[in-house]
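Please model the entire structure based on the sequences and the hints provided.
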Amino acid sequence: MNLSPISLAFKNAKKEKRPALLTYTVAGDNTKKKSLKILESISKDVDICEVGFPHNTPIADGGQIQTSSYRALKNGIKINDVFHIVKKFKKSKKSKPVILMGYYNMILQYGEKKFILKCKKVGVDGIIVVDLPYPENKKFAKKCRKKSIEFVQLISPTTSKTRMKKIVKDSHKMIYYISMLSTTGGKLKISSKEILKNYKKIKKINKNKNCVIGFGITEKTISELKSADGLVVGSAICGEITKSVNRRQNPVTNVVKMVKKLKRKIL
Amino acid sequence: MIKIKKKIPLIDQHDNNGFWGGKFGGNFIPETLKRPVEDLEVLFSKLRNSKNFLKERDKYFKNWVGSPTRFVKLDKLTNHLNGAQIWAKVVSDANGGAHKIYNATVHCLIAKKAGKKFIVGDTGAGYAGKMLSMAAKKFGLKCKIFMGAKDIKRQKPNCDAMKKNGAEIVPVYTGSQTLVDAVSECMRHWVSNCDTTHMCVGSTVGPNIFVKICGWSTSQISRELKIQLKYEFKKIPKKIKLINCVGGGSSAYGFWSEFIDYNKNHIELIGVEAGGPKKSKLHAAPLSKGASIGILHGAASYVCQNKEGQINETESVSAGLDYPGVSPMHCFLKDSKRARYTFATDEEALKAYKLVTKYEKLNPSLEPCHAFAEAIKIAPKLKNDTIIIVNSCGDAKKDRDILKERLGKI
Numbered sequence: 001m002n003l004s005p006i007s008l009a010f011k012n013a014k015k016e017k018r019p020a021l022l023t024y025t026v027a028g029d030n031t032k033k034k035s036l037k038i039l040e041s042i043s044k045d046v047d048i049c050e051v052g053f054p055h056n057t058p059i060a061d062g063g064q065i066q067t068s069s070y071r072a073l074k075n076g077i078k079i080n081d082v083f084h085i086v087k088k089f090k091k092s093k094k095s096k097p098v099i100l101m102g103y104y105n106m107i108l109q110y111g112e113k114k115f116i117l118k119c120k121k122v123g124v125d126g127i128i129v130v131d132l133p134y135p136e137n138k139k140f141a142k143k144c145r146k147k148s149i150e151f152v153q154l155i156s157p158t159t160s161k162t163r164m165k166k167i168v169k170d171s172h173k174m175i176y177y178i179s180m181l182s183t184t185g186g187k188l189k190i191s192s193k194e195i196l197k198n199y200k201k202i203k204k205i206n207k208n209k210n211c212v213i214g215f216g217i218t219e220k221t222i223s224e225l226k227s228a229d230g231l232v233v234g235s236a237i238c239g240e241i242t243k244s245v246n247r248r249q250n251p252v253t254n255v256v257k258m259v260k261k262l263k264r265k266i267l
Numbered sequence: 001m002i003k004i005k006k007k008i009p010l011i012d013q014h015d016n017n018g019f020w021g022g023k024f025g026g027n028f029i030p031e032t033l034k035r036p037v038e039d040l041e042v043l044f045s046k047l048r049n050s051k052n053f054l055k056e057r058d059k060y061f062k063n064w065v066g067s068p069t070r071f072v073k074l075d076k077l078t079n080h081l082n083g084a085q086i087w088a089k090v091v092s093d094a095n096g097g098a099h100k101i102y103n104a105t106v107h108c109l110i111a112k113k114a115g116k117k118f119i120v121g122d123t124g125a126g127y128a129g130k131m132l133s134m135a136a137k138k139f140g141l142k143c144k145i146f147m148g149a150k151d152i153k154r155q156k157p158n159c160d161a162m163k164k165n166g167a168e169i170v171p172v173y174t175g176s177q178t179l180v181d182a183v184s185e186c187m188r189h190w191v192s193n194c195d196t197t198h199m200c201v202g203s204t205v206g207p208n209i210f211v212k213i214c215g216w217s218t219s220q221i222s223r224e225l226k227i228q229l230k231y232e233f234k235k236i237p238k239k240i241k242l243i244n245c246v247g248g249g250s251s252a253y254g255f256w257s258e259f260i261d262y263n264k265n266h267i268e269l270i271g272v273e274a275g276g277p278k279k280s281k282l283h284a285a286p287l288s289k290g291a292s293i294g295i296l297h298g299a300a301s302y303v304c305q306n307k308e309g310q311i312n313e314t315e316s317v318s319a320g321l322d323y324p325g326v327s328p329m330h331c332f333l334k335d336s337k338r339a340r341y342t343f344a345t346d347e348e349a350l351k352a353y354k355l356v357t358k359y360e361k362l363n364p365s366l367e368p369c370h371a372f373a374e375a376i377k378i379a380p381k382l383k384n385d386t387i388i389i390v391n392s393c394g395d396a397k398k399d400r401d402i403l404k405e406r407l408g409k410i
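Just so you know, the protein sequences line up as chains Z and L, in that order. The opening residue of the first sequence carries number 1 in this note's numbering; numbering runs sequentially from there. The opening residue of the second sequence carries number 1 in this note's numbering; numbering runs sequentially from there.
Calculated directly from the structure, the hints in this document are not laboratory data. Here a beta-carbon is modelled for each residue, glycine too, at the ideal position from N, C-alpha and C. Mixed in with the good hints, there may be bad ones.
[Stated by the list, open to error] Taking CB as the label site, the calculated pair distances span:
id, chain 1, residue 1, chain 2, residue 2, range
1, Z, SER95, L, PHE118, 29 to 37 Å
2, L, LYS281, Z, LYS138, 50 to 58 Å
3, L, ASN16, Z, SER191, 36 to 44 Å
4, L, GLU313, Z, GLU112, 22 to 30 Å
5, L, GLY166, Z, THR253, 34 to 42 Å
Here is the structure:
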């Protein structure tokens with residue numbers, strides 16, 4: 001059976017007995033060119049790249065990702081620029097999976113069908129839509145699947161057991177577990193043990209799904225969670241870009257350094 | 001064309017996915033909020049069918065909010081305009097000075113029943129925040145209010161009131177620093193604290209359940225008006241126009257809800273949005289200026305947005321109307337042609353304020369002044385048997401600084 005690039009990335013990480021490392025950066029942050037350069041430079045250490053298409057009214061993002069999003073928008077990023085960045089990235093890193101992440105209104109305005117086709121064309125492997133929950137997302141998820149694009153379902157600590165079962169059953173290969181009640185980038189307010197306990201509930205329903213944990217993961221917390229299939233670091237990286245911009249340093253080098261450190265902690 | 005059903009409250013005319021007319025509303029929320037929203041749906045549906053809860057609500061509405069608010073004829077303004085009769089439902093009589101008290105009271109009652117100790121809310125003009133802080137104090141809840149930094153500056157009197165009531169005001173510096181950003185920040189706060197905290201959305205916007213709770217609360221206005229109309233005129237007059245400003249649309253819905261089943265030639269519903277400064281391209285009038293359908297704060301509605309789906313900045317002299325989206329129920333009323341929507345510019349609203357306060361002992365805030373502007377525009381063209389009723393839903397005390405700056409007086 002042919003594995004999708006995303007599933008293959010998880011398989012390869014598993015072979016190395018480590019979780020897959022997923023990063024989240026905002027397309028166009030801090031400039032279009034730099035965001036592409038960041039993706040290219042970190043791709044060696046990253047298993048899957050999540051790329052955010054920024055929205056100016058994000059209801060689930062914390063301060064750091066908001067700052068990145070506003071910066072990218074201020075620099076004039078448009079949805080077609082996002083696609084262009086992915087296309088260019090995929091040209092040089094063909095096998096590196098890319099997941100687009102954002103808010104539904106932008107997909108709605110672009111047109112669902114057109115959006116998925118465009119994703120397919122530029123080489124997007126998966127889509128996460130923050131504000132299109134289950135079961136409302138079933139139709140869109142189906143459309144994605146038809147084009148062999150992974151639609152990633154989210155599960156949170158508030159998700160009930162029955163709901164969790166339904167979501168896992170209808171999910172594609174990958175599931176995103178939100179570690180805690182928080183917007184992105186909040187401080188981890190529960191123990192890693194607690195997070196892993198919930199994570200295991202999902203795995204128990206179906207161990208074949210690749211389940212990643214995200215929200216609040218930093219250099220400090222990442223190693224405690226390394227028994228998961230994958231770990232997502234977003235706000236910490238966005239924060240690093242902000243810091244670099246403020247200090248007039250090159251965000252590319254700083255982000256590469258950070259990602260290398262993150263990688264070492266999960267080996 | 002989408003059709004409104006009769007004899008069913010508009011708040012209940014949505015489908016299983018929470019959409020009015022198949023496309024407005026819904027629940028575009030992060031997974032984390034699914035459960036709290038569903039819990040709230042279950043609780044609210046139980047409470048609204050409980051006689052004890054209704055008794056409790058009515059008790060507080062009567063003794064604390066101060067129901068009914070006055071329904072008065074504006075004789076001098078009517079004489080001056082020399083056309084239709086102009087009446088006002090003086091909702092600003094309510095405790096705190098605006099209709100926001102109904103929603104705030106109900107949300108605090110619900111929060112208590114849900115066993116929550118904290119309540120958070122958004123505010124633009126500051127009335128939603130002020131009322132929530134009042135109700136929170138009354139019911140012993142800890143209260144946090146999210147407010148755009150720009151609004152904090154321009155609506156100081158209401159901020160002072162919030163602080164006096166012991167609420168914490170959280171200034172929001174993102175985006176345009178107005179209501180839209182306050183709502184986003186408030187929702188983000190709820191995402192992080194939904195286990196201990198109840199959220200009150202300040203208008204008939206947001207995820208489906210918040211539209212319903214708010215509409216259910218403000219309906220008090222039209223329940224009172226219906227009785228008052230029968231009392232004043234012996235029966236409901238033959239030609240009525242109910243004019244209300246529309247930002248999120250909570251006061252308009254509350255003012256109209258009992259009258260939606262009537263024929264529009266009998267009772268016309270007119271919503272007036274904020275047209276913004278005359279010379280500016282910016283406005284807050286998604287219904288009357290042809291905005292497209294988009295998603296904002298968890299619901300689909302007509303939204304001021306660009307082609308990419310980014311939410312546009314809005315501009316209005318009235319902070320309470322300065323919002324790029326609008327209630328899905330108003331979108332439904334517009335598309336079904338039951339209500340008519342128009343806008344008034346900043347200048348027209350200010351002019352209306354001058355005229356109304358010149359002739360009447362009434363001090364309407366800049367929000368209802370948008371509605372008065374429309375009344376002043378159409379009244380002279382109508383005959384004396386037409387009854388125009390304006391919902392004077394807020395008091396202008398909070399606009400002290402703006403009025404002083406723009407009109408040179410308090």
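Status of the hints after comparison with the structure:
1. Z:SER95 x L:PHE118: 29 to 37 Å: 48 Å, violated
2. L:LYS281 x Z:LYS138: 50 to 58 Å: 40 Å, violated
3. L:ASN16 x Z:SER191: 36 to 44 Å: 38 Å, holds
4. L:GLU313 x Z:GLU112: 22 to 30 Å: Holds, since L:GLU313 and Z:GLU112 (Cβ atoms, about 27 Å apart) stay within the stated range.
5. L:GLY166 x Z:THR253: 34 to 42 Å: For Z:THR253 against L:GLY166, whose Cβ atoms are near 49 Å apart, the range 34 to 42 Å is violated.
Hints 1, 2 and 5 from the list above are not met by this structure, while the remaining hints are.
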